[in-house]
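S.K.: Residues per chain are reported as follows:
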Amino acid sequence: MEKIICACGHENPFGTKLCEKCGRPLTEEVKNQKVLDMRYDGIAIRSKTRNKSIVDKIWNFFSSVKVGVSLIFINLVAASIGTIFPQEFYVNVATEAEREIYYEETYGSLGKLYYTLGLSDVYSSWWFQILVGLLGISIIIASLDRGIPLHRSLKNQRVKRHESFMKRQRVVAEGPVTAGDSAKTLDLVEEQMKKLKYNVRREGNAILAERGRFARYGPYINHVGLIVFLLGVMLRLLPGFYVDESMWVREGDIRTIPGMDGYFIENEKFILELHDNEKTEAQIQQGVNAVAKNYQTNVKLYKQPDDALPGQTDNLELVKEYSIRVNHPLKHEGYSLYQMDFRLNELKGMNFALTKKETGEELGDVSIDLTNPQKEYVIDDQTKVELLGYYPDFSGFKNGEPQTATSNPNNPAFIFKMTTPEKPDGEVSFVAIKETVEPNGDNVYKMSFKGIETRNMSGLTVHKDRTIPILIVGGIIFMLGVAIGSYWNHRRIWVEQLQDGTIRLAAHTNKNWFSIKKDLTAITEVAHLPQFIDQVEKENNEDGQKEKEGDSTL
Amino acid sequence: MSLIDLSGNLLFIAFLAYLIGTLLFGGAIKSNKPDGAAKRADRWGRIAIIVTIIGFLAQLGYFITRWMYTGHAPVSNMFEFTTAFGMFIVGAFILIYYMYRLTALGLVALPIALLIIAYAAMFPRDVTPLVPSLQSYWLTIHVITAALGQSILAISAVAGLIYLLKAVDPKVKTKGRFWLEAVLYFAVLVIGFIVVTVTFRSMGYEAVFNYVDKNGAQHEIIYNVPAVFGMNEYVLLTDDVMEPIAEMPPVINAKKLTVVFWSFIVGSIIYLLFRLISRRRILDLLHPLVRKVNLNLLDEIGYRSVLIGFPVFSLGALVFAMIWAQEAWGRFWGWDPKEVWALITWLFYAAFLHLRLSKGWEGKKSAWLALIGFAIILFNLIVVNLVIAGLHSYA
Chain B
1 MEKIICACGH
11 ENPFGTKLCE
21 KCGRPLTEEV
31 KNQKVLDMRY
41 DGIAIRSKTR
51 NKSIVDKIWN
61 FFSSVKVGVS
71 LIFINLVAAS
81 IGTIFPQEFY
91 VNVATEAERE
101 IYYEETYGSL
111 GKLYYTLGLS
121 DVYSSWWFQI
131 LVGLLGISII
141 IASLDRGIPL
151 HRSLKNQRVK
161 RHESFMKRQR
171 VVAEGPVTAG
181 DSAKTLDLVE
191 EQMKKLKYNV
201 RREGNAILAE
211 RGRFARYGPY
221 INHVGLIVFL
231 LGVMLRLLPG
241 FYVDESMWVR
251 EGDIRTIPGM
261 DGYFIENEKF
271 ILELHDNEKT
281 EAQIQQGVNA
291 VAKNYQTNVK
301 LYKQPDDALP
311 GQTDNLELVK
321 EYSIRVNHPL
331 KHEGYSLYQM
341 DFRLNELKGM
351 NFALTKKETG
361 EELGDVSIDL
371 TNPQKEYVID
381 DQTKVELLGY
391 YPDFSGFKNG
401 EPQTATSNPN
411 NPAFIFKMTT
421 PEKPDGEVSF
431 VAIKETVEPN
441 GDNVYKMSFK
451 GIETRNMSGL
461 TVHKDRTIPI
471 LIVGGIIFML
481 GVAIGSYWNH
491 RRIWVEQLQD
501 GTIRLAAHTN
511 KNWFSIKKDL
521 TAITEVAHLP
531 QFIDQVEKEN
541 NEDGQKEKEG
551 DSTL
Chain R
1 MSLIDLSGNL
11 LFIAFLAYLI
21 GTLLFGGAIK
31 SNKPDGAAKR
41 ADRWGRIAII
51 VTIIGFLAQL
61 GYFITRWMYT
71 GHAPVSNMFE
81 FTTAFGMFIV
91 GAFILIYYMY
101 RLTALGLVAL
111 PIALLIIAYA
121 AMFPRDVTPL
131 VPSLQSYWLT
141 IHVITAALGQ
151 SILAISAVAG
161 LIYLLKAVDP
171 KVKTKGRFWL
181 EAVLYFAVLV
191 IGFIVVTVTF
201 RSMGYEAVFN
211 YVDKNGAQHE
221 IIYNVPAVFG
231 MNEYVLLTDD
241 VMEPIAEMPP
251 VINAKKLTVV
261 FWSFIVGSII
271 YLLFRLISRR
281 RILDLLHPLV
291 RKVNLNLLDE
301 IGYRSVLIGF
311 PVFSLGALVF
321 AMIWAQEAWG
331 RFWGWDPKEV
341 WALITWLFYA
351 AFLHLRLSKG
361 WEGKKSAWLA
371 LIGFAIILFN
381 LIVVNLVIAG
391 LHSYA
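Residue numbers (UniProt numbering), protein chains in the order written: chain B, 1 to 554; chain R, 1 to 395.
Some hints could be false.
Said to hold, decoys possible - Calculated lysine-lysine pairs in the DSS-like style (CA-CA distance at most 30 Å, straight line):
id	chain 1	residue 1	chain 2	residue 2
1	B	Lys417	B	Lys357
2	R	Lys256	B	Lys31
3	R	Lys365	B	Lys48
4	B	Lys538	R	Lys364
5	B	Lys3	R	Lys364
6	B	Lys517	R	Lys364
Calculated directly from the structure, the hints in this document are not laboratory data.
Can you build the whole structure from these sequences, using the hints too?
M.R.: Below you can see the structure in the form of structure tokens.
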């Protein structure tokens with residue numbers, strides 16, 4: 001690429017619009033601008049100068065602001081589609097087939113279409129993730145494309161700029177000083193600019209006063225933050241970085257914690273508390289009886305000894321006792337356990353009495369632990385009850401065999417063999433809730449139902465996310481960048497005193513012209529400078545409502 | 001007087017002050033002084049801003065006393081949050097006013113705040129106890145910061161609306177004129193909603209129904225306006241009230257649809273009456289009021305308020321939200337509809353800021369974008385809370 005040599009003798013890289021040294025416009029396009037386009041200070045930007053190889057073309061595509069904004073809008077629309085109907089993870093059905101039916105039954109044919117198109121799980125779809133990825137690439141390339149040359153040019157700024165640069169700034173002033181000794185003007189300007197917290201550089205008869213240059217880095221800093229954040233999210237895909245498991249523990253049980261090797265948790269008690277308030281208007285309207293106040297599981301966290309086998313529960317060491325509540329997870333070694341769900345009054349045990357049908361005489365009680373039923377219950381040497389079959393979630397007969405839907409004791413059913421002195425060979429009976437079937441229908445004894453025992457069950461989720469520190473760093477960098485870029489602005493004022501003592505002034509800011517004009521008003525007054533004008537505003541007022549120049553630069 | 005009554009009275013005082021403030025700003029704008037930066041804050045304007053500040057302090061008093069009474073930041077239900085949103089809009093307006101001294105802003109910002117607070121008052125106002133997930137200091141931090149960010153962003157819509165009221169010529173038939181009038185028509189529909197609700201509430205209208213929800217369970221529901229649409233398999237339990245005209249499937253909340261229907265009808269009647277009597281568009285009425293405002297300054301205010309609001313919104317609606325979600329549910333992001341719409345709002349304003357880099361996106365286009373942004377914020381407040389079910393649904 002050939003260099004562009006400016007009239008001042010400076011060699012500029014190909015594609016430069018404004019001479020890096022003196023600010024002279026270098027291209028025909030720029031020469032015709034009444035007010036210069038000061039975006040990126042007229043530097044040579046890679047995407048604007050090379051367009052030959054495929055790499056250049058890809059680079060140029062992603063570095064375009066237009067493409068970036070389009071990608072933002074596409075992502076925005078894609079994200080909104082996912083809120084039309086609830087996403088799958090908020091739908092409480094287990095299998096895929098059930099899900100399909102759920103969407104169709106609840107939302108009609110639109111729901112079915114939604115499900116078929118995969119929109120019910122849009123955020124995990126490959127195309128949504130590609131869209132986010134494209135946006136990430138755009139952020140990286142656009143930032144590199146502009147950030148690096150901009151940094152170079154801001155670092156190497158010259159104080160004195162050429163007339164053709166000065167006169168084509170948005171805010172300009174030219175003329176003799178309005179009062180006082182013109183020899184002191186530059187001193188007054190310098191002094192006042194310093195008072196206004198500008199960095200002032202003076203070279204001979206020219207001054208460059210600059211303030212808030214670091215604000216120009218704000219957008220690049222926040223882009224770095226976003227990229228760090230996105231990388232953090234991607235890291236989750238690697239094994240070991242992210243654990244997300246859920247588990248149920250019944251009161252009194254000790255269970256291994258999925259994803260957290262060597263640890264066990266005991267559910268001592270689940271507590272549900274309700275607010276005892278008067279029903280509010282909203283509650284009445286929605287038919288809500290009571291508002292929950294607290295969901296809590298009192299747990300004991302145990303650790304296996306180091307030499308124990310997986311699942312072995314001997315010699316557990318107590319690590320911690322804790323009350324897990326919503327907003328107050330149990331935290332241990334990077335893992336967190338959250339209170340997520342509960343089930344009240346789950347069947348724990350059923351009590352029966354072995355009863356003689358005729359007389360109602362009871363030979364003894366049998367209480368069955370539904371999660372851990374025994375093979376036989378011995379009442380005395382001649383009397384016992386054997387459990388031939390146990391169906392925790394009885395769902396009917398199939399080919400004469402009782403079936404169970406799940407292993408949870410929601411609807412327990414049993415096949416008992418009752419051995420009594422009267423019937424030493426035993427009598428068989430099938431017993432379910434509100435249902436008894438006897439093979440011959442002539443049993444002498446029956447298992448009469450006495451009562452149930454219940455207990456609660458807590459649903460906990462287990463999380464470990466080693467990406468969190470990365471996300472925090474990304475978030476902090478992003479917020480810093482956004483704040484720097486938004487709350488500060490880069491103001492520059494060039495002042496030159498010509499041979500005849502007249503003043504030429506130009507001012508530029510990347511945003512917030514209102515404030516730089518306030519500064520200018522202050523120095524104009526103190527140093528008796530000629531009145532400045534805003535060429536864009538003037539033009540607008542002359543031509544009515546013509547669109548004006550881009551007012552901000554990165 | 002108990003704390004909660006005091007709180008209610010303070011809110012009422014604030015409402016009145018904003019109303020008077022609006023009229024005073026109207027007076028300030030009508031005066032014939034030149035639009036110089038220093039002279040803009042003339043006598044009327046000064047009184048107007050003082051009244052506005054009094055109103056803001058009164059509402060701050062409402063906020064604090066209600067906080068003391070309930071024991072948690074009053075941002076936990078639709079009434080509380082929306083009222084606070086109105087308050088923050090006034091606060092953001094006062095901030096921007098002191099930066100730019102533009103009285104015209106008040107003429108639009110205060111009516112918007114008034115409409116929002118009046119809208120809030122249509123929801124049940126009693127104190128709701130907090131469910132476990134809301135019992136966290138993050139409720140205070142996250143919701144207040146997010147609402148503050150939204151309010152500052154809303155000021156860009158205020159500036160945008162004034163910009164368009166001036167820049168769109170009501171005499172020439174353009175797409176801009178049509179859509180701007182549509183925006184004003186939407187504001188009238190909100191008034192329609194308020195009129196409907198207040199009217200039937202003062203009549204004590206009540207119609208009780210039984211209905212079957214999508215899970216097949218039976219519930220009772222009370223309509224406070226005559227039922228046009230009935231819930232799924234409804235049974236009317238109250239005598240001498242209107243029978244619904246149509247029955248809705250279980251996914252549609254027919255009660256809310258009925259309220260929307262009545263608001264639409266009444267709002268449209270109000271609008272049509274206005275058009276018939278005045279023989280003008282609302283736009284024609286407002287256009288001369290803002291004749292003197294400086295379009296460049298408005299454009300700058302619109303841009304500046306996005307710049308000020310965007311970091312606050314990012315912090316409150318995304319960063320703090322993620323921290324809380326991590327704390328409460330163990331995942332910082334769950335694609336809940338409210339989260340998604342906060343992300344959409346954020347993406348939209350990010351796009352806005354990037355578009356300002358390109359030529360030709362200042363002025364009118366920018367003003368329209370600011371209005372669309374505010375529409376997204378309102379969508380997230382109203383539709384996402386009331387229509388799309390999720391973890392954030394208030395009612």
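S.K.: Evaluate each hint against the coordinates.
M.R.: Taking the hints in turn, this is what the structure says about them:
no.	hint	verdict
1	B:Lys417 to B:Lys357	15 Å, holds
2	R:Lys256 to B:Lys31	61 Å, violated
3	R:Lys365 to B:Lys48	26 Å, holds
4	B:Lys538 to R:Lys364	18 Å, holds
5	B:Lys3 to R:Lys364	40 Å, violated
6	B:Lys517 to R:Lys364	23 Å, holds
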